[in-house]
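J.: These are the residues of each chain, in order.
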Amino acid sequence: MKRREALKYAATAVIGAPFLSTVLFGSTSIPSSIIKAYKPVFFSDKQLLLVKSITDTILPKTDSPSASEVGVPEKIDSMIPVIHSRNEQADFMAAFKRLESQIANEAGGKDFSELSEEDRFGVLQIINNSNSSELEAVRWVLWNIKSKTVDYYRKSRVIATEFLNYLPVPGYYDPCVSLSELGGKAWAI
Amino acid sequence: MNLNIKSKKENTYDAIVIGSGISGGYAAMELCTKGYKTLVLERGRMVKHGEYPTANSEVWELPNNGVVSAEEKALHYFKQDRLNWWIHEDNKHWINKDSDYSYDEVTRFDWIRGHHVGGRSIMWGRHCYRWSDLDFEANLKDGHGVDWPIRYKDIEPWYDYVETFVGVAGQAEGLPQVPDGKFLKPFPLNCAEQHMREKINEKYPKRVLTPGRVANLSEYDPEVHKGTRGQCQARDRCWRGCHYGAPFCSLSSTLAVAEETGNMTIRPDSIVHEIIYDASTGKASGVRVKDANTGEELVFNARIIFCNASTIGTTAILLNSRSETFPNGLGNTSGELGHNMMDHHYGMGASGKIPGMEDEYYYGRRPGGFYVPRFRNIDEETKRTDYLRGFGYQGGASRGAQTPGGMIGAKDKDKIFEPGDWWVSITCFGEMLPYHENKMYLNHDKLDKHGIPTIVFDAKLRENEQKLRKDGVQCAVEMLEAAGCENISSYNAETAPGACIHEMGTARMGHSDQTSVLNKYNQVHNVPNVFVTDGACMTSSGTQNPSITYMALTARAVDYADKQIKAGKL
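Chains as they are written, first to last, in this note's numbering: chain V, 104 to 292; chain W, 365 to 934.
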């Protein structure tokens with residue numbers, strides 16, 4: 104395959120993929136009863152709702168899906184017991200509980216998930232920017248959730264195949280191409 | 365009586381090859397194409413080319429995003445997982461379980477194994493660098509270890525021979541310390557790496573950043589690359605097994621060619637635990653095998669035996685082959701069997717950001733990065749007073765995913781779809797001297813589940829390695845500085861022997877049966893029909909990735925054995 108053709112193919116793959124996604128995924132049309140069917144393995148049901156609000160504040164729905172639309176909160180929940188030892192899980196949970204109460208404080212008695220997107224963003228920024236040494240564990244767990252959110256988001260099928268440059272079989276290697284020719288997007292894999 | 369004769373006949377071959385990895389596969393191919401009826405014994409399960417269950421899986425299709433759970437690691441990979449980049453969902457079926465086959469350590473040893481047909485040739489790193497006389501003369505010159513019984517001129521034609529078949533992509537540089545080979549077109553440096561090459565060379569003319577020389581078919585010629593090979597598709601999923609047959613691997617290349625001859629019998633699940641020595645002939649008569657599934661004891665006989673069970677596997681078999689003539693292991697007249705354990709050591713290097721080149725990117729996933737050949741102690745000008753030998757580097761520059769600071773939100777979200785800055789990482793691989801004190805041995809009181817003695821390791825890095833490491837880090841930082849990198853960070857986290865998966869030595873080649881196990885043709889000094897051509901044969905470790913040297917020595921040894929047989933001498 105010539106370079107030009109391949110680049111064209113890369114672009115088509117990105118543009119062409121949304122059709123597939125409506126057939127195979129259709130994230131917005133999954134009945135809520137199915138979404139509710141996920142049973143968290145690490146967080147409680149209530150905590151998972153908070154995780155969902157946090158991830159959707161970090162990566163809200165724009166012209167691309169929100170974090171929860173591609174399954175990020177569930178992935179965070181299911182992966183914690185996979186990647187962390189029991190001791191690390193206990194530390195994570197302890198820090199998360201402190202994050203819960205810190206968010207409740209900053210939300211001024213309101214339910215965080217009921218706040219506007221802007222207000223939720225403000226709450227997370229306040230915590231993230233705080234200098235208080237007492238909040239070190241809280242900042243750590245928030246940063247950890249943010250990193251996981253971005254990572255799992257980019258590694259989800261929909262984002263990788265539709266919103267990044269995705270080519271499972273590039274066919275050859277070209278050491279220098281122009282990013283703008285690739286639509287300014289990063290390679291998915 | 366008749367039955368016994370028949371049974372003996374059925375179990376008799378011209379040649380036996382123990383092991384089906386990179387050197388065993390090569391031995392099998394060379395023997396079979398020369399017309400020898402060859403039995404290949406592999407301790408692990410059968411795998412055929414194409415049986416690569418994860419080759420096409422995307423990260424979202426693998427269990428747990430490709431991560432093996434902490435629980436599973438603790439249960440089955442408690443030793444090999446100490447090498448923290450190694451075990452993943454996409455390759456764990458190529459890694460044997462520590463819970464099935466463990467070992468003991470006086471000092472930590474990361475023994476990375478793959479028990480299956482093809483061995484570690486499926487998931488090897490594929491870098492191929494020739495050794496030079498700088499390496500073959502090193503022991504003689506500085507007095508460590510014993511002198512290599514060969515020089516570059518002895519192996520040069522065999523490098524030509526195997527590189528042509530293997531298919532090594534690389535760039536000629538005219539460097540005497542890492543001689544040029546028979547190269548396919550390289551996987552070229554990307555823009556950032558080309559910039560680094562030029563800047564480093566301006567300031568340090570002896571430091572050459574060149575495309576990694578990797579055994580991936582950047583060009584495919586079916587007349588030359590026999591077996592079931594194909595053009596590289598730039599997927600960089602080599603270690604999962606490649607349906608295209610682009611990376612060199614026993615399954616798609618040597619074993620496929622051996623199979624075509626009709627002379628190969630391959631027997632998986634066959635654990636060789638002893639080579640049988642016949643004092644009346646002064647040769648080995650065959651091997652004792654335990655069937656891994658049934659536990660049945662079997663004997664196979666042959667005129668010649670190639671032992672290619674991997675460095676540690678080979679030496680364990682030789683140590684366990686005790687007889688009246690060789691009470692301490694087959695051919696162990698020198699007492700060196702199990703000693704002089706080497707590996708390369710790494711975990712030291714640097715990384716940094718390369719500013720600019722915002723519109724420069726790359727297409728495809730290259731199956732290997734760049735290489736910086738050794739530039740210390742190569743001549744009078746580069747001679748060090750603080751340590752002997754040298755080191756090389758592997759590395760790569762790329763644009764990783766970009767994660768904005770803060771809490772992202774709608775305002776910054778689009779940035780996560782764009783590539784981030786260029787970052788480069790460069791890792792040093794150092795030579796390890798051959799120390800008699802660095803060793804492996806068998807524990808005859810602790811048997812594995814097959815009733816075979818277990819292995820104990822006692823090997824560590826010593827003063828020369830420590831001093832070399834410091835300079836390796838310093839030079840890495842200097843090169844990144846010369847290239848204009850920012851945010852440079854360096855590291856020096858010592859690795860245990862084994863962690864580089866370049867374990868070498870323990871049955872070294874040499875001039876004499878009083879100081880070494882093998883002669884210059886990889887023949888056991890006092891047992892002329894047994895050859896060892898895997899990493900166990902190495903007399904020093906060099907700085908280069910060693911597999912291509914094992915293959916060259918293997919082809920050379922088979923050629924020698926064949927000529928000896930035809931001359932009626934073997």
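Everything labelled a hint here was simulated from the structure, so no lab data went into it. Hints are supplied without guarantee of correctness; some may be wrong.
[As the list claims (entries may be wrong)] Covered by chain W, according to a simulated footprint, are these stretches of chain V (three or more residues, beta-carbon under 8 Å):
#, segment
1, 143 to 155
2, 178 to 192
3, 208 to 215
4, 222 to 231
5, 242 to 255
6, 266 to 274
Using N, Cα and C, we set each Cβ at its ideal position, and we do this for glycine too.
J.: Hint by hint, say whether it matches the structure.
T.: Going through the hints against the structure:
1. 143 to 155: violated (count 0)
2. 178 to 192: holds (count 8)
3. 208 to 215: violated (count 0)
4. 222 to 231: holds (count 4)
5. 242 to 255: Our answer is that it holds, as 4 residues pass the Cβ test (under 8 Å) against chain W, meeting three.
6. 266 to 274: holds (count 7)
Checked against the numbered hints above, the structure breaks hints 1, 3 and satisfies the rest.
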